[in-house]
Amino acid sequence: MELDFYRHGLAEIPDEVWSAPGLAVLNLADNRLTAVPARIGTLTGLHTLDLGHNQLESVPAELGSLPNLTEYLYLSDNQLTELPDALCRLEKLRYLSATDNQLTALPASIGSMRSLRELRLYHNQLTALPDSIGSLHALRELYLRGNRLSTLPSSIGALRDLRHLDLRENELRTLPDELLSLPRLAKLDLRWNRRLELPSWLPELEAQDCVVLR
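Counting from 1, one number per residue, gives the positions in the sequence shown under UniProt numbering.
Take these hints with a grain of salt, some might be off.
[Stated by the list, open to error] Label pairs and their computed distance ranges (CB to CB): (1) A24 <-> E197: 46 to 56 Å; (2) L180 <-> A128: 32 to 42 Å; (3) K187 <-> T151: 13 to 23 Å.
Note that these hints are calculated values from the structure, not bench results.
No residue lacks a Cβ here, since even glycine has one placed at the ideal position from N, Cα and C.
Construct all of the structure, not just a fragment, from the sequences and the given hints.
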């Protein structure tokens with residue numbers, strides 16, 4: 001079952017959501033939500049949840065208790081400053097988007113989300129990535145444009161399935177040698193990192209599309 005409340009002007013989640021049998025897809029995008037109740041954890045059939053384009057300053061830890069949330073979780077374009085550690089219990093989730101927020105850090109336990117294939121975090125305030133990012137072995141696409149990253153952890157070299165790495169508009173100064181260890185990397189975008197010193201090994205990178213213009 002799917003419920004679509006896209007752009008309904010909602011200030012709170014409608015009552016019918018809590019009584020919908022077998023609810024699998026819930027779209028609450030582009031409303032005026034300022035909070036999500038802990039009760040969201042009772043929607044155990046959800047595999048897709050869209051909370052994007054609201055006014056959320058936080059999301060409840062109970063999101064991490066949704067056993068079937070395996071497809072998509074959209075948290076983009078809110079006012080989030082952090083993601084709860086409990087969110088990292090979503091070990092089967094494949095797609096997470098938390099773009100256009102005010103995140104300053106990621107949970108250290110994000111490496112537990114081992115099924116993630118696509119992680120979108122552009123336009124936040126991230127200054128560093130946790131070492132555990134290297135445990136996301138299924139990750140294929142990582143979008144980090146428009147943050148405040150000055151370095152990358154060496155563990156990024158463990159992302160053996162990574163194909164697309166977007167690092168535009170950061171404050172990178174150096175790149176870890178471990179990027180050479182990414183056998184499937186097809187696109188690396190480094191534009192608008194004005195302080196970046198390009199490493200001597202960059203020509204050895206086998207990415208088909210490596211954009212380094214500053």
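Results of checking the hints against the structure:
For A24 and E197, the Cβ-Cβ distance of about 49 Å falls inside the hinted range of 46 to 56 Å, so the restraint holds. Between L180 and A128, the C-beta spacing of about 21 Å breaks the proposed range 32 to 42 Å. Here the CB-CB span from K187 to T151 is close to 21 Å, well matched to the stated 13 to 23 Å.
Violated hint: 2 only; the structure is consistent with all others.
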